[in-house]
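Novice: As you go down the protein sequences, you meet chains Z and X in turn.
Throughout the first sequence, residue numbering follows the numbering used here, covering 1 to 354 in sequence.
Throughout the second sequence, residue numbering follows the numbering used here, covering 1 to 354 in sequence.
No wet-lab data here; the hints were simulated from the structure.
None of the values given here were measured: they were computed from a predicted structure.
Just so it is clear, CB atoms sit at the ideal spot from N, CA and C, and this is done for glycine as well.
Warning: the hint list may mix true and false statements.
What the hints assert, rightly or not - With a straight-line cut-off of 27 Å between C-alpha atoms, the simulated DSS-like cross-links for lysine-lysine are:
| hint | chain 1 | residue 1 | chain 2 | residue 2 |
| --- | --- | --- | --- | --- |
| 1 | X | K258 | Z | K250 |
| 2 | X | K5 | Z | K258 |
| 3 | X | K346 | X | K5 |
| 4 | X | K162 | Z | K162 |
| 5 | Z | K258 | Z | K302 |
| 6 | X | K258 | Z | K280 |
| 7 | X | K351 | Z | K280 |
| 8 | X | K346 | Z | K280 |
| 9 | X | K351 | Z | K250 |
| 10 | Z | K250 | X | K346 |
| 11 | Z | K162 | X | K346 |
| 12 | X | K351 | X | K280 |
| 13 | X | K100 | Z | K162 |
Said to hold, decoys possible - Pairwise CB distance ranges (calculated):
| hint | chain 1 | residue 1 | chain 2 | residue 2 | range |
| --- | --- | --- | --- | --- | --- |
| 14 | Z | G180 | X | A310 | 20 to 28 Å |
| 15 | Z | P34 | X | F91 | 34 to 42 Å |
| 16 | Z | R37 | X | E35 | 47 to 55 Å |
| 17 | Z | E257 | X | P242 | 45 to 53 Å |
There are 2 protein chains.
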Amino acid sequence: MTELKNDTFLRALQRQPVEYTPVWMMRQAGRYLPEYRATRGKAGDFMSLCMNPELACEVTLQPLERYPLDAAILFSDILTIPDAMGLGLYFETGEGPRFKKTVRTQADVDALPVVDGEKHLTYVCDAVRTIRRELNGRIPLIGFSGSPWTLATYMVEGGGSKDHARSKALAYDQPELMHGLLDKLARSVTAYLNDQIRAGAQAVQIFDTWGGALSHNGYQEFSLRYMKQIVDGLIKESEGRPVPVILFTKNGGQWLEKMADTGATALGLDWTTDIGAARKRVGDRVALQGNMDPSMLKTSPKRIREEVAAILESYGSGEGHIFNLGHGITPEVDPENAGAFINAVKELSAKYHR
Amino acid sequence: MTELKNDTFLRALQRQPVEYTPVWMMRQAGRYLPEYRATRGKAGDFMSLCMNPELACEVTLQPLERYPLDAAILFSDILTIPDAMGLGLYFETGEGPRFKKTVRTQADVDALPVVDGEKHLTYVCDAVRTIRRELNGRIPLIGFSGSPWTLATYMVEGGGSKDHARSKALAYDQPELMHGLLDKLARSVTAYLNDQIRAGAQAVQIFDTWGGALSHNGYQEFSLRYMKQIVDGLIKESEGRPVPVILFTKNGGQWLEKMADTGATALGLDWTTDIGAARKRVGDRVALQGNMDPSMLKTSPKRIREEVAAILESYGSGEGHIFNLGHGITPEVDPENAGAFINAVKELSAKYHR
């Protein structure tokens, strides 16, 4: 493999010295970029874009041409695993993702296969290889998956839902059925992420978008436990470097100590958590990634810069911070404001690393 | 006024001794009850029901006929204030609330009147008086309002929204405009709640449904500050008793200490917070209300009973707990399960109050 020219992101994840706070954005290859919309138009629908390694590579690299980002993230969808399990993912225009089949009974769970990357999601592993080749050592590549609980909610509901009431009621009422589903998902996610790592992913992130909808105890039983199972099962080293794992539970700010107990390398924070307070709680055990409110990108370069300064100041001096948004960048954002965000992090963070 | 026969709820709010943990449910007068659906059918649409004091009283009392609840809550909507300000509230079938006018410029803010209860929302004060008369001292009546920030999000967005991006961007980018709006709302809410108290409300709750969408600092600046302004301006005593104030910020579990600093009597908790841990943090300063996941009501009486037991055990012995759900009861719940919930609280809580 080509030598990595900028490993700031990987060093920060290990809480090693860096020259500035590295930065990337969740959903940085996305609809806010006109060049993304053009490629997506070429591909046809969203899943055709995900399933075409050359085009997935193209959109992965697009934000890097505009901004001095410190990491690339594989362009894909969190729902590739349930789709590979046979549920039939599709996207309604103007709606979120939907599944043709749902999973609500023990028989439904029993019928599901455990999937992996190379065999069942070849197009994802091919995309990872293509992106690594095209990155040519410029910055590291992040692989990712949805968390078992997050995937399970979509599989039970048949798509997105406002309050995940059906999935939660199923978990609370028939925990054995839900544990059977979550175990199959955790084994699939582990195999899938390991195949992404073998194909060239240099760090992985687990997106637990809906863990924060569970009760305090439910989160530990139905979401965190399976993320720990994944962390335990992941390849620890690749290309002579440790492979960091980032856990991101949206609305998980109350549970950081328990999340750090999983052995993850870093925790993603949404914007409701004060990053300085989070560092006091778990900063001796994990790196922290985040956490500007994506809505801030709808203001002005000046206001964005003030907010970046406030978050850097809250984290304070020393290592272990990867700057990011607290959730994905949204379609209406002006790309110039995204650039102002990235540049502000670069310019204002150096003084915290002397 | 008639003497209050059951003041368990009011005593628990003051952290005084009680015989069992009092219980009520947010949105207890609601669509899960067939008798509610019948009355609503009679009224026509939702706002006609809110605006008819006799029918609002009828639905307020319905759950009390089924369950041994320890408090009644005024049947109304949180959006009565923006409607009284002239924005034109209406409900689209199958959609949430909408406004005919939005508030997005300084001129929009300047044009808004400050409203109160008796003059501008007479139908609400009349409903309070009617309900008090019909309750005849059986249990206390709770009045309520939306928080200024929560009302502002609907006014800026023109209705409900997924991520409140427009309201947050406006707050972050033009804080003076937003503070002008929030101050008018806080003054209106204060006057409105005080008129509800004068009309007979024996406790009040401020519903901050969307404060938890703000950033850590944004919450304090745009939501909590105005709830404190309201708490400071409320009538402290009525009918020879203190009037307790309950603050409920959904997704506010990280901010309980700051919420307690407002001087509120009690804090409402959603289900993501461990109530025992919350008690350790702020239980010497406030009572705590909550916090079963409403999705639990879609399981079974047995499972509901287990969850009630776990929450009671987490809070532990002694005073200051009012049992509730962590958010409103949803339309699909079987009324029998709601009854199982109420009964479980009554039966299982006595041992914590010996």
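Novice: Does K302/Z sit within 27 Å of K258/Z, going by the straight-line distance between their CA atoms?
Specialist: violated (37 Å)
Novice: Does the hinted range 34 to 42 Å hold for P34/Z and F91/X at CB?
Specialist: With a Cβ separation near 38 Å, P34/Z and F91/X satisfy 34 to 42 Å, so the hint holds.
Novice: For the pair supplied as a hint, K346/X and K5/X, confirm whether the alpha-carbon distance does not exceed 27 Å.
Specialist: Holds. K346/X to K5/X sits at ~17 Å (cutoff 27 Å).
Novice: Against the 27 Å threshold, does the CA-CA distance of K258/X and K280/Z hold or violate the hint?
Specialist: Satisfied, since the Cα-Cα distance of roughly 18 Å is no more than 27 Å.
Novice: Need the status of pair K250/Z, K346/X: alpha-carbon distance at most 27 Å?
Specialist: violated (35 Å)
Novice: Starting from the hint 45 to 53 Å, judge whether the C-beta atoms of E257/Z and P242/X obey it.
Specialist: 37 Å Cβ-Cβ, so the 45 to 53 Å window is violated.
Novice: Is the hinted pair K351/X and K280/Z satisfied, with a Cα-Cα distance of at most 27 Å?
Specialist: Answer violated: K351/X to K280/Z is near 38 Å, above 27 Å.
Novice: Holds or violated: K351/X with K280/X, Cα cutoff 27 Å?
Specialist: holds (20 Å)
Novice: Does K162/Z pair with K346/X here, judged by a C-alpha cut-off of 27 Å?
Specialist: violated (31 Å)
Novice: If you draw a straight line from the CA of K258/X to the CA of K250/Z, is it 27 Å or shorter?
Specialist: holds (22 Å)
Novice: Given the hint that K346/X pairs with K280/Z, does the C-alpha gap stay at or below 27 Å?
Specialist: This hinted pair is violated, its Cα atoms lying about 41 Å apart.
Novice: Given the hinted pair K5/X and K258/Z, is their Cα-Cα distance within 27 Å?
Specialist: violated (45 Å)
When held up to the earlier numbered hints, the structure conflicts with 2, 5, 7, 8, 9, 10, 11, 17 and fits the remainder.
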